[in-house]
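Visitor: Below are the chains, spelled out letter by letter.
Number of protein chains: 2
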Amino acid sequence: MSSVRDDFLTANAEFASKFEDGSLPLPPARHALVLACMDARLHVEKVLGIKNGACHCVRNAGGRASDDALRSIVISQRLLGTKEVHIVHHTDCGMLTFTNEQLAARIKADLGVELPPGRDFLPFPDLDQSVRDDIATVRGSPLVAPGTQVYGYVYEVETGRIREVK
Amino acid sequence: MSSVRDDFLTANAEFASKFEDGSLPLPPARHALVLACMDARLHVEKVLGIKNGACHCVRNAGGRASDDALRSIVISQRLLGTKEVHIVHHTDCGMLTFTNEQLAARIKADLGVELPPGRDFLPFPDLDQSVRDDIATVRGSPLVAPGTQVYGYVYEVETGRIREVK
Chain A
1 MSSVRDDFLT ANAEFASKFE DGSLPLPPAR HALVLACMDA RLHVEKVLGI KNGACHCVRN
61 AGGRASDDAL RSIVISQRLL GTKEVHIVHH TDCGMLTFTN EQLAARIKAD LGVELPPGRD
121 FLPFPDLDQS VRDDIATVRG SPLVAPGTQV YGYVYEVETG RIREVK
Chain B
1 MSSVRDDFLT ANAEFASKFE DGSLPLPPAR HALVLACMDA RLHVEKVLGI KNGACHCVRN
61 AGGRASDDAL RSIVISQRLL GTKEVHIVHH TDCGMLTFTN EQLAARIKAD LGVELPPGRD
121 FLPFPDLDQS VRDDIATVRG SPLVAPGTQV YGYVYEVETG RIREVK
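Residue numbers (UniProt numbering), protein chains in the order written: chain A, 1 to 166; chain B, 1 to 166.
If you are wondering where the hints come from, they were derived from the structure by calculation, not from laboratory data. The reader is advised that the hints may include incorrect statements.
Each pair may be met inside one copy or between any two copies, as identical chains are not told apart.
What the hints assert, rightly or not - The calculated lysine to any residue pairs, modelled on SDA-like cross-linking and capped at a C-alpha distance of 25 Å, are:
hint, residue 1, residue 2
1, K166, A105
2, K46, R106
3, K166, P27
4, K108, R139
5, K51, T10
6, K83, Q102
7, K51, A13
8, K18, K108
9, K51, F19
10, K166, R5
11, K166, S2
12, K83, V165
13, K166, P25
14, K51, A11
15, K166, A16
16, K51, R106
17, K18, G147
18, K46, F19
19, K46, P25
20, K46, P117
21, K166, T137
22, K108, V144
23, K83, L103
24, K166, L103
25, K83, R163
Let's have the full structure, built from the sequences with the hints guiding it.
Guide: Right, here's the structure in full:
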């Protein structure tokens, strides 16, 4: 049995014993969605000072505006009233360290699975440009509401600071 | 200009002024990945007591094991050494409130976009079953390492408690 599971259950019992937010509504109070990387050093709500119930938080490898991130944004906007998207990538990101070809070769070597050519794991060679690319993807999607405000940031894992990318 | 953006920058300046974790390594210390819903009331690291640098955190609408979540899991396992997946869905989830047909009709009415039939936004009618389905999807993927430990939970937004789903 996983020690991580045991630690989650123990820590959650402590968390629940002091819980006072049981009547928060489903729609995010700040009408905003954050799209950020899954990195273990990026505790999004803490880094950005987000209160419980305030913002949707979508995370994946890289914080990319993938098709699935757009699925989440559509549900967030159409059903739960969010009107802003804030994209957060970060320094020392794993997505800067590989190419699709390298990862496909690794998967074949480790798992024996041969991927079809062109399978895109969404790595990027330039951090600021990756933020700009994802801002453009969100702004350009016909499934995102016209007029949606889209902001981009880089989080510095070395300093704890975010800086805006335009 | 968004007041959310301004609040993020202000809160982050305070966060960064007390930041002491600047030398954490990229690979997650607990070798685990959490896959959870984007819900605004589910601050994953706080609810589960996750320390900075400990676990990858992937989030999307529903906390579903989508193709993009599998992309993140592959990168997490192959490049950054995680060996466990912990899936967290929650009570009062928006994914329990709609069907694909209803959302497609809403998108057409609001945005004028006609989606191809069968576009799946991954809603679910049964919370515990959705966790079991996603456990099975992760376990069954040829891109996930054999022997990966996969756990599932439901978070109760009313009480702050998690309970395991098997």
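Visitor: Does each hint hold? Answer for all of them.
Guide: Results of checking the hints against the structure:
1. K166 to A105: neither (35 Å within a copy, 34 Å between copies)
2. K46 to R106: neither (34 Å within a copy, 34 Å between copies)
3. K166 to P27: So K166 and P27 fail the 25 Å test inside a copy (28 Å) and across (29 Å) alike.
4. K108 to R139: between (36 Å within a copy, 18 Å between copies)
5. K51 to T10: both (23 Å within a copy, 14 Å between copies)
6. K83 to Q102: between (38 Å within a copy, 21 Å between copies)
7. K51 to A13: both (21 Å within a copy, 16 Å between copies)
8. K18 to K108: This pair counts as neither: shortest intra-copy Cα distance 47 Å, inter-copy 44 Å.
9. K51 to F19: both (14 Å within a copy, 19 Å between copies)
10. K166 to R5: between (40 Å within a copy, 13 Å between copies)
11. K166 to S2: between (43 Å within a copy, 14 Å between copies)
12. K83 to V165: Close inside one copy (19 Å), not across copies (34 Å); limit 25 Å.
13. K166 to P25: Cα proximity of K166 and P25: none, with 33 Å in one copy and 28 Å across.
14. K51 to A11: both (20 Å within a copy, 11 Å between copies)
15. K166 to A16: Classified as between: cross-chain Cα gap 21 Å, same-chain 40 Å, threshold 25 Å.
16. K51 to R106: neither (40 Å within a copy, 29 Å between copies)
17. K18 to G147: neither (40 Å within a copy, 36 Å between copies)
18. K46 to F19: both (17 Å within a copy, 11 Å between copies)
19. K46 to P25: Intra 21 Å, inter 19 Å, cutoff 25 Å: intra and inter.
20. K46 to P117: neither (39 Å within a copy, 40 Å between copies)
21. K166 to T137: within (14 Å within a copy, 38 Å between copies)
22. K108 to V144: Between copies only: 12 Å across, 36 Å inside.
23. K83 to L103: The answer is between: 17 Å across copies meets 25 Å, while 36 Å in one copy does not.
24. K166 to L103: Classified as neither: same-chain Cα gap 30 Å, cross-chain 32 Å, threshold 25 Å.
25. K83 to R163: Only inside one copy: K83 and R163 sit 21 Å apart there, 33 Å across copies, limit 25 Å.
Of the numbered hints stated above, those contradicted by the structure are hints 1, 2, 3, 8, 13, 16, 17, 20, 24, listed in ascending order.
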